[in-house]
Amino acid sequence: MRFEAESDPWQRSKMVGQKISALRDSFRKLSDAQRTELAKAGEVEMVTGLQLLGKDKKLITELVELVDPPPAQ
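Taking our numbering, I'd label the letters of the sequence shown as residues 1 to 73.
There could be a bad hint or two in this list.
As the list claims (entries may be wrong) - So the derived label-pair ranges between C-beta atoms look like this: (1) V16 - L53: 21 to 29 angstroms; (2) P70 - M15: 45 to 53 angstroms; (3) G54 - R24: 29 to 37 angstroms; (4) Q18 - D56: 32 to 40 angstroms; (5) L63 - S31: 46 to 54 angstroms.
Said to hold, decoys possible - Under the rule of at most 27 angstroms between Cα atoms (straight-line distance), these lysine-lysine pairs were calculated in the DSSO-like manner: (6) K19 - K29; (7) K29 - K40; (8) K19 - K40; (9) K29 - K14; (10) K55 - K40.
No wet-lab data here; the hints were simulated from the structure. All C-beta atoms in this analysis are idealised placements derived from N, C-alpha and C, irrespective of residue type, glycine included.
Given these sequences and hints, build the entire structure.
Below is the structure:
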């Protein structure tokens, strides 16, 4: 990808700005129905991501407790 290959931070910033501008323009062209569908898909992806994040957090907590158990009382 061009972004990872670019080492100049100013050029990387410009690339990000151009991408944001393109996304903004494409969003403006969406109909209300398309925006609603995009919102539904985004919500499903967000909920799925949060569930995975919760599972990962639980697993990491369990692994830390195995490696470094709490001190005995």
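Which hint numbers does the structure go against, in order from smallest to largest?
-> Nothing - there is no hint that the structure violates, so all of them hold.
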